[in-house]
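**Q** Input sequences plus hints: build the corresponding full structure.
For the protein sequence lines, the chains are G and S, in the order given.
When you read off a place in the first sequence, starting at 1, and then add 34, the result is the number in the working numbering.
When you read off a place in the second sequence, starting at 1, and then add 34, the result is the number in the working numbering.
To be clear, the hints were calculated from the coordinates, so they are not data collected in a lab.
In this text the structure is predicted, and so the values were computed from the model without any measurement.
Possibly wrong hints are sitting among the right ones.
Since the list can't tell identical chains apart, any single copy or any two copies may satisfy a pair.
[Stated by the list, open to error] Lysine to aspartate or glutamate pairs mimicking EDC-like chemistry, simulated, CA-CA at most 20 angstroms apart: (1) 103 - 86; (2) 124 - 86; (3) 136 - 86; (4) 136 - 76; (5) 269 - 164; (6) 269 - 86; (7) 124 - 195; (8) 103 - 252; (9) 136 - 158; (10) 269 - 186; (11) 103 - 169; (12) 269 - 154; (13) 103 - 165; (14) 136 - 173; (15) 269 - 193; (16) 269 - 127.
Number of protein chains: 2
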Amino acid sequence: MTDHDGGSPEISADSFDAARATRELLAVLAYAELTASFRLAEDASGAPTLADKAALGAMAVAEFGHFEKLSGRLNELGADLDAETGPFVKALDEWHAQTPPKDWLESLVKAYVGDGIAADFYREVAGGLDEPTRDLVMEVLADTGHADFAVEHVRAAIEAEPTVAGRLALWARRLVGEALAQAQRVAADHPALAMLVVGGQASGSGQQSGQSEGDLAEITRLFARLTDRHAERMKRLGLST
Amino acid sequence: MTDHDGGSPEISADSFDAARATRELLAVLAYAELTASFRLAEDASGAPTLADKAALGAMAVAEFGHFEKLSGRLNELGADLDAETGPFVKALDEWHAQTPPKDWLESLVKAYVGDGIAADFYREVAGGLDEPTRDLVMEVLADTGHADFAVEHVRAAIEAEPTVAGRLALWARRLVGEALAQAQRVAADHPALAMLVVGGQASGSGQQSGQSEGDLAEITRLFARLTDRHAERMKRLGLST
Numbered sequence: 035m036t037d038h039d040g041g042s043p044e045i046s047a048d049s050f051d052a053a054r055a056t057r058e059l060l061a062v063l064a065y066a067e068l069t070a071s072f073r074l075a076e077d078a079s080g081a082p083t084l085a086d087k088a089a090l091g092a093m094a095v096a097e098f099g100h101f102e103k104l105s106g107r108l109n110e111l112g113a114d115l116d117a118e119t120g121p122f123v124k125a126l127d128e129w130h131a132q133t134p135p136k137d138w139l140e141s142l143v144k145a146y147v148g149d150g151i152a153a154d155f156y157r158e159v160a161g162g163l164d165e166p167t168r169d170l171v172m173e174v175l176a177d178t179g180h181a182d183f184a185v186e187h188v189r190a191a192i193e194a195e196p197t198v199a200g201r202l203a204l205w206a207r208r209l210v211g212e213a214l215a216q217a218q219r220v221a222a223d224h225p226a227l228a229m230l231v232v233g234g235q236a237s238g239s240g241q242q243s244g245q246s247e248g249d250l251a252e253i254t255r256l257f258a259r260l261t262d263r264h265a266e267r268m269k270r271l272g273l274s275t
Numbered sequence: 035m036t037d038h039d040g041g042s043p044e045i046s047a048d049s050f051d052a053a054r055a056t057r058e059l060l061a062v063l064a065y066a067e068l069t070a071s072f073r074l075a076e077d078a079s080g081a082p083t084l085a086d087k088a089a090l091g092a093m094a095v096a097e098f099g100h101f102e103k104l105s106g107r108l109n110e111l112g113a114d115l116d117a118e119t120g121p122f123v124k125a126l127d128e129w130h131a132q133t134p135p136k137d138w139l140e141s142l143v144k145a146y147v148g149d150g151i152a153a154d155f156y157r158e159v160a161g162g163l164d165e166p167t168r169d170l171v172m173e174v175l176a177d178t179g180h181a182d183f184a185v186e187h188v189r190a191a192i193e194a195e196p197t198v199a200g201r202l203a204l205w206a207r208r209l210v211g212e213a214l215a216q217a218q219r220v221a222a223d224h225p226a227l228a229m230l231v232v233g234g235q236a237s238g239s240g241q242q243s244g245q246s247e248g249d250l251a252e253i254t255r256l257f258a259r260l261t262d263r264h265a266e267r268m269k270r271l272g273l274s275t
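**A** Encoded structure:
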């Protein structure tokens, strides 16, 4: 967010490129769903039982379906999938490269906590989109059943061996730190997308919030909401935040 | 194949357990399709362009669908998926552990050549199954588009850099060797399934071939057919056998 003169609205309806922000959100989500699908397939491949392999495999398939819907929508908008996703590939690949799960439990926590916080964030941002796009985003962000699966397996593992809880709690903290670092980099490189973060909240009436002070308060509230929901997920897993 | 007294039919309608052989074939195929789906997702993840990632990802999804159909059929037959696939997990996991592709081209050749020879073999065996099962097997073995994808990309790579052809031809030879070694082990551990191999050829009338000499001739002809089709695939790739 650039620093314009104090009182006047920083983002006018003209300067805020809604079409561009929409394309960018669809693109980052499309690549995120595609890589999530591949990671789930990898987790499925390493799962201890055939039932777990089949369950995670089905979730990987569902995520791939989300990727196809998002790329289909980008196509409808006349956007080039490769060109649009290109700028987000590095950030998402780096997120995965920086956070390789050491075992099956870490991969479950990563998918639940990492994808969870990302999904919450995208949902918040989607408030600023046109209705069909918003509906599509909400649809592809709907849980594919992974949450219950992760909670069930992680809780069972902690019950069997209580000492793993400390290691997994530390792991989750590292995941959140890395996710925020990548999100910050993406926001800095994509001002239109970043505008959605502040604009999205107040956009029920189509109005774009402009003042820097309002932006800051908005972002603070957004982070408080994301943190709350993250804490709920940790609690469900039986982990301390 | 056990050694009974010379002239009398070795496999009677009673001693050949068709239901068991059917369950075993469905089980080995189900696990093969599941692992093929995971390997394709891995290849997709490492593919050089987004279009390639999307294309291979869609094939991984199709293979997972095949797994679901096969496990659904096992369910209908009242079989327990875990118990049925259990005996084949080691052989298929070992096949993949013994043949890790070093790069994207090797993974394409592995999927095309390895899955190709396996599919031909399963198709031959399926001749001895009841009609609904045979139809299902033929359906899940239908090419998901990977063949053309592999041929196109491997040929383009050889055109760009002719020296890779020698390396890939050697790789394909190793794949066939490992596949045959695993197939032999599976056949030795599963006599009912092995019976399908010899019985399947002559089973249009429900008759089971029994003489050892007839078996041997049958197996020789089967291998000749498999080798011919393998050579056709290598030719399509632009590789020498």
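**Q** A separate judgement is required for each hint: does it hold in the structure or not?
**A** Right, here's what the structure says about each hint:
1. 103 - 86: between (26 angstroms within a copy, 17 angstroms between copies)
2. 124 - 86: Answer is between: at 17 angstroms across copies they meet the 20 angstroms cutoff, but 30 angstroms inside does not.
3. 136 - 86: Close inside one copy (18 angstroms), not across copies (28 angstroms); limit 20 angstroms.
4. 136 - 76: So residue 136 and residue 76 pass the 20 angstroms test inside a copy (13 angstroms) and across (18 angstroms) alike.
5. 269 - 164: The answer is neither: 34 angstroms in one copy and 52 angstroms across copies each exceed 20 angstroms.
6. 269 - 86: Cα proximity of residue 269 and residue 86: none, with 23 angstroms in one copy and 40 angstroms across.
7. 124 - 195: Answer is neither: 37 angstroms inside a copy and 28 angstroms across each miss the 20 angstroms cutoff.
8. 103 - 252: neither (30 angstroms within a copy, 49 angstroms between copies)
9. 136 - 158: Neither. Shortest intra-copy (31 angstroms) and inter-copy (42 angstroms) distances fail the 20 angstroms Cα cut-off.
10. 269 - 186: This pair counts as within: shortest intra-copy Cα distance 13 angstroms, inter-copy 50 angstroms.
11. 103 - 169: within (12 angstroms within a copy, 31 angstroms between copies)
12. 269 - 154: Cα proximity of residue 269 and residue 154: one copy only (17 angstroms, versus 51 angstroms across).
13. 103 - 165: Classified as within: same-chain Cα gap 16 angstroms, cross-chain 37 angstroms, threshold 20 angstroms.
14. 136 - 173: For residue 136 and residue 173, the Cα distance exceeds 20 angstroms both inside one copy (31 angstroms) and across copies (38 angstroms).
15. 269 - 193: within (14 angstroms within a copy, 56 angstroms between copies)
16. 269 - 127: neither (28 angstroms within a copy, 37 angstroms between copies)
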